[in-house]
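If you want the building blocks of each chain, they are given just below.
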Amino acid sequence: MTERLTHRLMLASAAPVAAVVIAVVLSSIVLLISGSNPLAAYADMVQHASKLETQVDILNRATPLYLSGVAAAIGFRMNLFNIGVEGQYLLAFIVAAHLGAQVELASVLHVAFILVVAMAVGGAFSGAAGVLKVTRGVNEVISTIMLNAVVISGLAAWWIVEWQAGGEISATGGRVGTEPIAESGLLPDINSWLEVFTREVGLGKKLTGMMLVAVAVGVVYHVILNRTVFGFDLRSSGANPTASHVGGVSPKRMVVIAMTLSGMVAGLVGMTELMNTGYYPSNPISLLGFTGIAVALLGRNHPAGVAVAALIFGFLDVSSGILQISGAASREIVEIMKGVIILTAVIAYEVVRRIREREEAAAAAAAMAAGPAEAS
Amino acid sequence: MLAIELTGITKRFPGVVANDDINLEVAEGEIHAICGENGAGKSTLMKILYGMQPPDSGTIRIQGEEVELHSPAQAIELGIGMVHQHFMLADQFTVLENVILGAEPMRSLGRIDFDAGREHLDEVGRAYGLDINADDLVESLEVGERQRVEIIKVLYRGAEILILDEPTAVLVPQEVDELFRNIRELKASGATILFIDHKLDEVLEIADTITVLRQGRTVGTVKPDQVTAHDLAEMMIGSELPVPDAGESTVTEEVALELSGLRVAAEGDRAVVDDVSLSVHRGEIVGIAGVEGNGQAELVNAIIGIQDPDQGTITLLGRDITHVSVRHRREMGLGYVPQDRHRDGLLLGFTLWENAALGHQTEAPYSRGPWLSRPGMRGRANRIKDEFDVRTPNIEVSAHALSGGNQQKLILGREMVAGPAVLIANHPTRGIDVGAQAAVWDDIREARSRGLATLLVSADLDELIGLSDTIVVMLRGRLVARLDPNDITPRDLGAYMTGAALEAGAP
Ligand SMILES: Nc1ncnc2c1ncn2[C@@H]1O[C@H](COP(=O)(O)OP(=O)(O)OP(=O)(O)O)[C@@H](O)[C@H]1O
Ligand SMILES: [Mg+2]
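Residue numbers (my numbering), protein chains in the order written: chain A, 999 to 1374; chain B, 2 to 508.
Quick caveat, the hints were computed from the structure, so don't treat them as lab data. As the structure is a prediction and not an experimental result, all values here were calculated from the model. There's no promise every hint is true.
What the hints assert, rightly or not - For each label pair, taking beta carbons as the anchor points, the in silico distance ranges come out as:
no., chain 1, residue 1, chain 2, residue 2, range
1, B, 395, A, 1077, 21 to 31 Å
2, B, 89, A, 1005, 52 to 62 Å
3, A, 1225, B, 394, 22 to 32 Å
4, A, 1133, B, 324, 14 to 24 Å
5, A, 1136, B, 89, 25 to 35 Å
No residue lacks a Cβ here, since even glycine has one placed at the ideal position from N, Cα and C.
Start from the sequences and build out the full structure, keeping to the hints where you can.
So this is what it looks like as structure tokens:
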């Protein structure tokens, strides 16, 4: 039994591992062609990543990617393509930053208030695309792309001017952004949690408290999806809307709910930055929403799979910095690796599925041959 | 000369051997029937012959030539055509467009040559005696006509060997006669026909040769004049055919489901269900007879709650449910066996135990409050598997892996074990083999004696007559006749359904 379990686990991880290996091989070829030494580049990356401080960077990067990946995955489960995570998190980010700076609350409440605002904004904005889909038949891909544009070149651009903080920040560091949130509204770092296992984190690196929120989101996502009636409704409606409808699940309702939930999680993406810096800057970290789609794809919409994918992407992103510094290779190689991993993963998943099918068939045949002959 | 010779065909799926060293010989120009219980491997064998699935081992010879088939396109090239059990026509297209779809005759500049297509279509129709109007919208055709379009579509591509998977399952007797006439003409013009059928009388009537499969193996090949329907059934299921008992009437006074003045409009405000009033009592089975497309589907949809009626009321157990949600209706005890199991009944990629909960996921033992209960779901699924004889290696496989008839048994079992107060059974035994069909009828009768009210919609007239306490006939959206099943024959009932009996001046 344990042997079979290990075998199944190996098969399950075979696809992503194969994807990474193939990506490494292909990237090496690209590196060689471009005249760099792949071994040196990888050595730099690995050596860099073995440092505790880099690991903190990776986790800090993986946290918003995970949230963004889960947001996309919720949509995918309903056969919805929420391309709007990008716009949803930026909008939630700026509104939460602004409102968070307006209130005075005790620390736990303050943080909760900001997170709830972010989720509400993301959820409402994404839910609107869901409502458009069920009432007007507007495809969610179109509507969320348009809503992205509304946020990125519209609302956020306008509000950052409107809600611009006074001279204070810009004067000190040339940084421009919304009014800073009071200390009580920020999530403290969780370095002490990490330091229980290792040494003290140096270089002023801070492990984001949002990581705990992300873990909680992952657990809740898993439990709701697999263990609740609502999750069953969601999965069944995504898989076969008509049969699910006959079974009592209104497909329209599920579309709106799934889009809203996806947007709520999307709203949390920007909180990693906000909970750390306390304001919405004029150049917030962007493209997390689009990367989240790739993360969800690589992680097969599975809560743990998405986590692994987010860590891989986090590692690659952080490595691009060291490559630039060490000069071992161009940092663009990281983007190439990301692309190759996604492509090979999709192929590898399919291959593994076929292998599994063939193995099961062979096992069945063997069992039949061994067992007593079937009635003839 | 053999048109088809299959030797040693073996095909395995996870947990089952669907075809186990099967040999099949089909002479050129004959009508060859394939019979066998659900899951015997009939469809699998036909799909292999049509290039849809590769066999694990074995050889295929077409007209004496050994071939290796990798795709249906290749099979078509070799003159093999297949009509699937579920039609694959585009409703909004005309017959001509449907027929030439994918095999369009071209003129210069990539334009479709409709004239050439029409000419060829007429030629095919004339050569095989298949009568159809090329410009009719498929949407407007009746089932029998649609099937003819499917057959023409195959012949148009030059098929000389025709595979028909359960072609009669959806037809009323008159349409079956028509189909058989067509098949005989096809044979007369040199075609070879292979078809799958669960209705043994039909098989004996039309086939030249019959091959029976059981558990993936060939049990035997017989000539229809050497066997009776009973012999065939025995070969198929390996035992005597169970005889469903007629059963006493158990109709009570208590109305369980009541429809009054129900009207459902299609686009353009044309009534597809027109002023339908009907009541089903506890312990009663009311059969709805009608040629498909006369409003039965919309009537059922309105009762289930996925289509809003624009007039009239629906009352379930004394409560007005006209505007109640589907889920609430089902929780109140409304069971439903849909006509199209793939579209409305199953989550094909999900496990059997998840499918066993579909539609009942809010009820015990499938869930407690907001939480799913996996033991509850698995327990029920196992019970359904055992009680309804769903043939499967285990309940962890996906619904996809079940044969058509076993999928149907799973759905029936799911609805029956939930203990409904009212059951809407839409073609409940479609595609189920004779043995299992008798068992299903017994199940429904038994539930009836415990007070189940059933609305039965079926194209199988023997089923309607044998099972119903009352039969109503639906024609063009209206209930046009109410009949006593004790004194009507399938033939007479068929006449009512097409409206012939009404025009002749009966009631
Ligand atoms: N894609 C598949 N994956 C796994 N198992 C399959 C698949 N298709 C068929 N099977 C299995 O192969 C066996 C034969 O199935 P098949 O569909 O050929 O039966 P059938 O004779 O056509 O039955 P029915 O009368 O119910 O349509 C069944 O046990 C079924 O569960
Ligand atoms: Mg079949």
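Do the beta carbons of residue 1136(A) and residue 89(B) sit within 25 to 35 Å of each other? 30 Å, holds
Given the hint of 14 to 24 Å, is the C-beta distance from residue 1133(A) to residue 324(B) inside that range or not? 19 Å, holds
Verify the CB-CB distance for residue 395(B) and residue 1077(A) against the hinted window 21 to 31 Å. Check passed, 28 Å falls within 21 to 31 Å.
Is it true that the C-beta distance of residue 89(B) to residue 1005(A) lies inside 52 to 62 Å, as the hint says? Violated, since residue 89(B) and residue 1005(A) (Cβ atoms, about 40 Å apart) do not stay within the stated range.
Using the Cβ atoms, figure out if residue 1225(A) sits within 22 to 32 Å of residue 394(B). 26 Å, holds
Checked against the numbered hints listed earlier, the structure breaks hint 2 alone; every other hint is satisfied.
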